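Given the sequences, and given the hints that come with them, work out the whole structure.
Chains A and B are the protein sequences, given in the same order. My numbering numbers the first residue of the first sequence as 1 and each following residue consecutively. My numbering numbers the first residue of the second sequence as 1 and each following residue consecutively.
One or more of the hints may lead you astray.
Heads up, the list lumps identical chains together, so a pair's fine if it works in one copy or across two of them.
[What the hints assert, rightly or not] DMTMM-like, lysine to aspartate or glutamate: derived pairs with alpha carbons at most 20 Å apart: (1) Lys285 to Asp72; (2) Lys285 to Asp70; (3) Lys147 to Asp256; (4) Lys103 to Asp209; (5) Lys277 to Asp21; (6) Lys289 to Asp70; (7) Lys289 to Asp72.
Bear in mind the hints are in silico, worked out from the structure with no lab data behind them. Since the model is a prediction, treat every value here as computed from it, not as a measurement.
Number of protein chains: 2
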Amino acid sequence: MLNYYLGIDMGGTQIKIAVVDDKAKILEETVLDTDASAKPITIIKNIVEKVNTLKYYTKVKFIGVGIAGDIDSVKGIVRFSPNLPKWKNVYLKKELEKLTKRKVFIDNDANTSAIGAFWLDLKGKATNMVCVALGTGVGGGIIINKKLYRGASGTAGEIGHITVESNGNKCNCGNNGCIETYIGVKHLVNSAQELMKKHKSDIILKLADNDKNKITPKILSQACAKNDFVAKQVWKQAGEKLGILLTTILNFINPDHIVICGGISKADKLFFETAYKEINKRAFKTAAKSCKIVISKYTNKLGVAGSAMLVKN
Amino acid sequence: MLNYYLGIDMGGTQIKIAVVDDKAKILEETVLDTDASAKPITIIKNIVEKVNTLKYYTKVKFIGVGIAGDIDSVKGIVRFSPNLPKWKNVYLKKELEKLTKRKVFIDNDANTSAIGAFWLDLKGKATNMVCVALGTGVGGGIIINKKLYRGASGTAGEIGHITVESNGNKCNCGNNGCIETYIGVKHLVNSAQELMKKHKSDIILKLADNDKNKITPKILSQACAKNDFVAKQVWKQAGEKLGILLTTILNFINPDHIVICGGISKADKLFFETAYKEINKRAFKTAAKSCKIVISKYTNKLGVAGSAMLVKN
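In structure tokens, the structure reads:
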């Protein structure tokens, strides 16, 4: 018998909702705009209303929710969410269970993305996997023995805060030299802006409407494809740092798969080619050889599909 | 009914042998000098002879062996061991099983030490643990869900080769900036020798018989206890780097316990105090708070006790 699972991915601008099957294949999906100014209970009620319109919903027994921030997955509490400033100590699990009469699981979006990558990109055929989410920040999730690994306090997988330079860039977390400060969106853009003080780049300027403040990673990828010097430098430097992060993951955890997802996973191939070169130079040969590195094909679906599968984790 | 397990820890100078109980408590132990020039089969036969003299041996059903190097724990082959240059592709498991009529398990010494630390230092009361072995090199072993975690190719836990400086010291592994090149024995000694070019240290020189080449980490700890400037600098610098390594472990794996063992775990307290200060500055608060960091009290017993427990892993 086929089982049906409902996933809810609470983003800062959109709430994605989907019903998936046993293998996280999306059978039905919908979205809801996020009204960050609304009361949490109002948003929860809106979600339930939307969910009730899904034709597969009557067959769903379990619901999973992924949300950015500090999440107590055991008690089902959203302690704090950066995208939803009004959400402080919200008993999301309890409220949703009351309204849906179904069992609800919640977790942070890095973990749900890892579960999503395990099912959608790897079809559940990995044993030990690390998911590397490259976006504004750098997040991560760990699958060990086919299950999500949460660690002692549910914060396992904070790979964005692995130090790659002892006395490097100051990070918001309080540390210095976190990988996030070298390959996060802000740094990529800053890095281009700095380089452009010395090196002219008509290509980037044109793509950014002649406004350096409008530079985005997407523009840097487009410029890189056009052989722009600055853009190439930015992706090369970032690729080196990504390679160091991946080497640490390989040498430490020796996973059989690494899945790279998030907005920056769509960057120019120079970024990844540089990273792979660094791995060849730096990582243990056996660890590198036994790991398949995959760029996710489902970045925008990982959260909602992985949330739906939380019940299995 | 009490079970009895035999552990064999194959070191470069000594082979430790012990019978332990269900909780890795050592009931009986003995040692054998390692004759690295002898043929592997001769050493194996000598071990079996020695084992036969143990009074609890008749009750033993399972044997475990820990050995440094590249070990195929699935097939039971010692591919290569740095301490025993004659050991190349030795079918240790097969040979020992033939001679002892018992089931034999083998693994590398970093993994057996981790199992030993889990039982002896933590009494089996940890869930997710990382063992950090500080000595000539920096090794590690990972326990996840109370079991040894080996990864995709059995090389998980190579924490000595986590990069802490992108363009740092050249490491034997081929990488640059591995933590091992900052807190391994060689670097500690080099570091003192370098500092002594600028700063006189009568205390260190006296302890080293006026010969800079005789400086050891032990001498640096003794000098540190006597408030020697150079020794204090060495341990402070190394402590900072150790703190960065521990921060990466905390942020990435979020373990409930870290056990630090190996010769350098007996270093002056300034080394550890500095590391803990770095953790306070750098690590995620929840990850740091939920992890107990323990200096092993059983460094010399971990390998033999952990080897004996391999059957449970």
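Going down the list of hints, with the structure as the test:
1. Taking the shortest alpha-carbon separations for Lys285 and Asp72, only the inter-copy value of 15 Å comes in at or below 20 Å, while the best intra-copy value is 38 Å.
2. In this homomeric assembly, Lys285 and Asp70 come within 20 Å of each other (Cα to Cα) only across copies, at 12 Å, whereas the closest approach inside a single copy is 36 Å.
3. In this assembly of identical chains, the alpha carbons of Lys147 and Asp256 lie at most 20 Å apart whether taken from the same copy (14 Å) or from different copies (18 Å).
4. For a Cα distance limit of 20 Å, the shortest separation of Lys103 from Asp209 qualifies neither inside one copy, at 50 Å, nor across copies, at 72 Å.
5. Neither within a single protomer nor between protomers do Lys277 and Asp21 lie at most 20 Å apart by alpha-carbon distance, with minima of 38 Å and 48 Å respectively.
6. For the identical chains of this complex, Lys289 and Asp70 are inter-copy neighbours only, at 15 Å across copies versus 35 Å inside a copy, given an alpha-carbon limit of 20 Å.
7. For a Cα distance limit of 20 Å, the shortest separation of Lys289 from Asp72 across copies, 16 Å, qualifies, whereas the shortest one inside one copy, 36 Å, does not.
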